[in-house]
Amino acid sequence: MTARENALEVLHWGKPEYVPLSTDAIQLVGMIPGDFDGPMKGGKDLFGVPWVESREGAMVASGFTLFDDICEWEKYIKRPDLSVYDFKRFAEMEYGMIDSSNKVRTLFCQNGLFMRLVNTMGFMEGLIAIASEPERCMDLFEYLTEYVIDYMGRAIDAYNPDMVTYFEDIATSSSLFISLDTYRKVLKPFHKRIVEYVHSRGLIFQMHTCGKCEDVLNDYVDIGVQAWHSAQISNNIEKILQDYKGRIVVEGGWDSQGEPSFITATEETVRAETRRCMDTYGRYPGFILCPVMFNERGNSVLVGDDRLAFIEDEWKKYRSNG
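Per the UniProt record's numbering, the very first residue in the sequence shown carries number 1; after that it's consecutive.
Be aware that one or more of the hints could be misleading.
Said to hold, decoys possible - With a straight-line cut-off of 25 Å between C-alpha atoms, the simulated DMTMM-like cross-links for lysine to aspartate or glutamate are:
#, residue 1, residue 2
1, Lys185, Asp150
2, Lys245, Asp222
3, Lys15, Asp181
4, Lys41, Asp169
5, Lys239, Asp169
6, Lys185, Glu53
7, Lys75, Glu17
8, Lys188, Glu259
9, Lys185, Asp68
10, Lys192, Asp150
11, Lys78, Glu17
12, Lys78, Asp169
13, Lys239, Asp219
14, Lys185, Glu142
15, Lys192, Glu133
16, Lys185, Glu238
17, Lys317, Glu259
18, Lys316, Glu17
19, Lys192, Asp139
20, Lys41, Glu17
21, Lys78, Glu92
22, Lys15, Glu238
23, Lys15, Glu259
24, Lys44, Asp169
Stated by the list, open to error - With beta-carbon atoms standing in for the labels, derived distance ranges:
#, residue 1, residue 2, range
25, Ala309, Glu133, 44 to 52 Å
26, Met40, Lys317, 45 to 53 Å
27, Ser132, Lys317, 51 to 59 Å
28, Asp306, Asp99, 17 to 25 Å
29, Thr266, Tyr143, 48 to 56 Å
30, Gly246, Thr280, 18 to 26 Å
31, Glu135, Glu92, 23 to 31 Å
32, Lys44, Phe123, 13 to 21 Å
33, Glu135, Phe64, 36 to 44 Å
34, Asp219, Asp306, 34 to 42 Å
35, Lys44, Arg184, 32 to 40 Å
36, Lys44, Ser179, 44 to 52 Å
Bear in mind the hints are in silico, worked out from the structure with no lab data behind them.
C-beta: ideal position from N, C-alpha, C; glycine also.
Kindly produce the complete structure, drawing on both the sequences and the hints.
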């Protein structure tokens with residue numbers, strides 16, 4: 001069974017031979033057009049928002065706001081015309097640089113609806129807008145949902161992925177940014193439409209939400225989310241794996257902000273964290289180990305880390321044992 005076949009067995013609740021390692025089994029694709037939504041090297045995105053390069057990944061320029069009154073969003077937010085971009089050419093270029101033949105291809109879709117709101121208004125103003133003018137926020141989200149589906153459709157046609165990973169960071173390290181009631185009213189209906197579109201294309205839908213977001217997982221399952229990325233240890237991952245067996249796959253598990261990810265972490269510390277993840281979470285079905293290290297070097301997914309080799313080596317010991 002190839003790494004791709006094994007990971008698909010996990011994602012479809014089949015009979016995998018071992019716990020997948022994300023770096024071995026999953027390939028992010030759509031990175032070239034994805035750069036339009038948050039230019040990794042800095043610059044303006046398709047909505048006119050300036051980004052700056054950082055070790056953690058591209059970030060909106062400090063202090064920038066496109067507008068400050070949600071009631072006037074129509075004056076400032078215009079859906080980009082995606083027909084001017086050759087997505088098939090992007091896919092040819094990208095696949096010419098990587099070998100994804102034995103990996104699950106997941107389409108990278110960053111900057112979800114909530115993230116687009118706070119990227120254009122700023123976090124504080126965006127949260128105030130949701131609290132004070134939820135209907136106007138919903139008008140904006142409905143407008144943006146059409147863009148998201150248009151983008152996904154063109155990218156899916158070109159890249160032929162197995163899965164879509166949609167980024168919607170609605171949580172802090174300790175809780176959600178908004179209440180569950182607010183999520184259910186303001187965001188959930190539009191997330192449901194996006195998920196349903198992905199399903200209509202015959203693909204797996206994976207939601208990326210960092211931070212402590214376990215309270216919203218039931219809603220994710222309710223709208224058809226099949227996998228959650230990247231699960232951080234601020235959540236009770238072991239309990240989630242038990243409670244959501246057969247309903248949502250968990251990709252994550254690594255202590256991304258603790259000692260195992262520090263720039264000073266030793267080989268043994270990294271190997272010990274790999275064993276902890278595999279011993280604690282790997283005994284449950286529906287788990288994919290996804291190591292992400294955040295430290296002074298940046299995000300290991302973007303800048304790499306030579307210690308990832310220790311993780312893979314330790315993981316292979318478990319794979320060999322089935």
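Cross-check of the supplied hints:
1. Simply put, Lys185 and Asp150 have alpha-carbon atoms about 23 Å apart, close enough for the 25 Å limit, and the pair holds.
2. Pair hint Lys245 plus Asp222 holds up; C-alpha atoms about 14 Å apart against a cutoff of 25 Å.
3. At most 25 Å may separate the alpha-carbon atoms for a hinted pair to count; Lys15 and Asp181 exceed this at roughly 37 Å.
4. Our distance criterion of 25 Å between C-alpha atoms is met by Lys41 and Asp169, whose separation comes to about 21 Å.
5. Between Lys239 and Asp169 the CA atoms are separated by roughly 22 Å; this keeps the pair inside 25 Å, and the hint holds.
6. At most 25 Å may separate the alpha-carbon atoms for a hinted pair to count; Lys185 and Glu53 exceed this at roughly 34 Å.
7. A threshold of 25 Å between alpha carbons decides the hint, and for Lys75 with Glu17 the separation of about 54 Å lies outside it, so the pair is violated.
8. Between the alpha carbons of Lys188 and Glu259 the distance comes to roughly 35 Å, so the proposed pair goes past 25 Å and is violated.
9. Only pairs whose Cα atoms come within 25 Å are accepted, and Lys185 paired with Asp68 is accepted, the gap being roughly 22 Å.
10. A C-alpha spacing of about 15 Å is found between Lys192 and Asp150, which places the hinted pair at or below 25 Å, so the restraint holds.
11. Restraint check for Lys78 and Glu17: the C-alpha separation of about 48 Å exceeds 25 Å, so the hint is violated.
12. Proximity of Lys78 to Asp169 is assessed by CA-CA distance (about 22 Å); at most 25 Å being required, the pair is judged to hold.
13. In summary, the hint linking Lys239 to Asp219 is supported, as the alpha carbons are separated by about 17 Å, within the 25 Å threshold.
14. For the hint pairing Lys185 with Glu142, the CA-to-CA distance comes to about 13 Å; that is within 25 Å, so the pair holds.
15. The straight-line distance between the Cα atoms of Lys192 and Glu133 is roughly 21 Å, inside the 25 Å bound, and the hint therefore holds.
16. At most 25 Å may separate the alpha-carbon atoms for a hinted pair to count; Lys185 and Glu238 exceed this at roughly 29 Å.
17. At most 25 Å may separate the alpha-carbon atoms for a hinted pair to count; Lys317 and Glu259 meet this at roughly 23 Å.
18. Between the alpha carbons of Lys316 and Glu17 the distance comes to roughly 12 Å, so the proposed pair stays at or under 25 Å and holds.
19. With a C-alpha separation of about 16 Å, the suggested pair Lys192 and Asp139 falls inside the 25 Å cut-off, and the hint holds.
20. Our distance criterion of 25 Å between C-alpha atoms is broken by Lys41 and Glu17, whose separation comes to about 39 Å.
21. A C-alpha spacing of about 29 Å is found between Lys78 and Glu92, which places the hinted pair above 25 Å, so the restraint is violated.
22. A hinted pair counts as satisfied when its Cα atoms are at most 25 Å apart, and Lys15 with Glu238 qualifies at roughly 20 Å.
23. Distance restraint check for Lys15 and Glu259: the Cα-Cα separation of roughly 34 Å exceeds the 25 Å cut-off, and the hinted pair is therefore not satisfied.
24. For the hint pairing Lys44 with Asp169, the CA-to-CA distance comes to about 21 Å; that is within 25 Å, so the pair holds.
25. For Ala309 paired with Glu133, a C-beta distance near 50 Å keeps the hint of 44 to 52 Å intact.
26. Between Met40 and Lys317 the beta carbon distance is about 34 Å. The supplied range of 45 to 53 Å is therefore violated.
27. In this structure, Ser132 and Lys317 meet the distance hint of 51 to 59 Å, their C-beta atoms being roughly 54 Å apart.
28. For the hinted restraint 17 to 25 Å between Asp306 and Asp99, the CB-CB distance of approximately 21 Å keeps it satisfied.
29. Against the hinted window of 48 to 56 Å, the Cβ-Cβ separation of Thr266 and Tyr143 comes to about 50 Å, which satisfies the hint.
30. Remark: the range hint 18 to 26 Å for Gly246 to Thr280 is upheld by a beta-carbon distance near 20 Å.
31. Take Glu135 and Glu92: their Cβ atoms lie about 43 Å apart, and the range 23 to 31 Å is violated.
32. Between Lys44 and Phe123 the C-beta distance comes to about 19 Å, which sits within the given range of 13 to 21 Å.
33. Between Glu135 and Phe64 the C-beta distance comes to about 26 Å, which lies outside the given range of 36 to 44 Å.
34. Restraint check, Asp219 to Asp306: a C-beta distance of roughly 39 Å satisfies the suggested window 34 to 42 Å.
35. Roughly 33 Å separates the CB atoms of Lys44 and Arg184, a value that falls within the hinted 32 to 40 Å.
36. A beta carbon spacing of about 33 Å between Lys44 and Ser179 contradicts the range 44 to 52 Å that was offered as a hint.
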